[in-house]
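Q: Positions in the sequence shown are counted from 1; adding 11 to them yields the numbering used here.
Don't read these hints as lab results, they were simulated from the structure. We put the CB at the ideal spot given by N, CA and C, even for glycine. Be careful, since some hints might not be right.
Said to hold, decoys possible - For each label pair, taking beta carbons as the anchor points, the in silico distance ranges come out as: (1) 82 x 147: 34 to 42 Å; (2) 84 x 58: 39 to 47 Å; (3) 57 x 86: 17 to 25 Å.
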Amino acid sequence: MTAATATDPKPFDAVAAAIRDEQYASDPELPKLETRAWPMAEVRVETNDGKPKIAGYAAVFNAKSEMLSDWFGDGYTEVIRSGAFAKTIQEEDIRALVNHDSNYVLGRNRAGTLSLIENRKGLQVEIEPPDTKWSRDLQISMKRGDVSQMSFGFQ
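With the hints as constraints, model all of the structure from the sequences given.
A: Right, dumping it as structure tokens:
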């Protein structure tokens, strides 16, 4: 997902990236997964043929991310451009997880329970969640508006 670009106030520069990569190499305990979050646009939980479905946009193109910070504590935002997800959607085994926890799989593209489509607006998501207590609890929290954000991880 190389189409994400840093924008004001201070872009993440090559020096900070090199320091980060050097620290990762010297300390295997550091997490290597990066995440980005945006408020979800049009998130909804609906029922289709008696089965629940979570639908919305995981990322909206040309919108600023939440404020992030680099290794020096300087703040910056990122903007996702059209095409950022196209290759990954076509080639990878993608899972929709609760809080990036692989113990809580909401859907998976190769299982047919996760649909990801890049359109003019952004990354459209449709998930057929499992019939489990934690999934039902999540859907209730989404309907109430307590959970209104989606994020994605990348390496």
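Q: Do residue 82 and residue 147 keep their Cβ atoms within the hinted range of 34 to 42 Å?
A: holds, 40 Å
Q: Taking the beta carbons of residue 57 and residue 86, is their distance inside 17 to 25 Å?
A: violated, 37 Å
Q: Is it true that residue 84 and residue 58 lie within 39 to 47 Å of each other by Cβ?
A: Given about 45 Å between the Cβ atoms, the range holds.
Comparing the model with each numbered hint stated earlier shows that hint 3 is the single one that does not hold.
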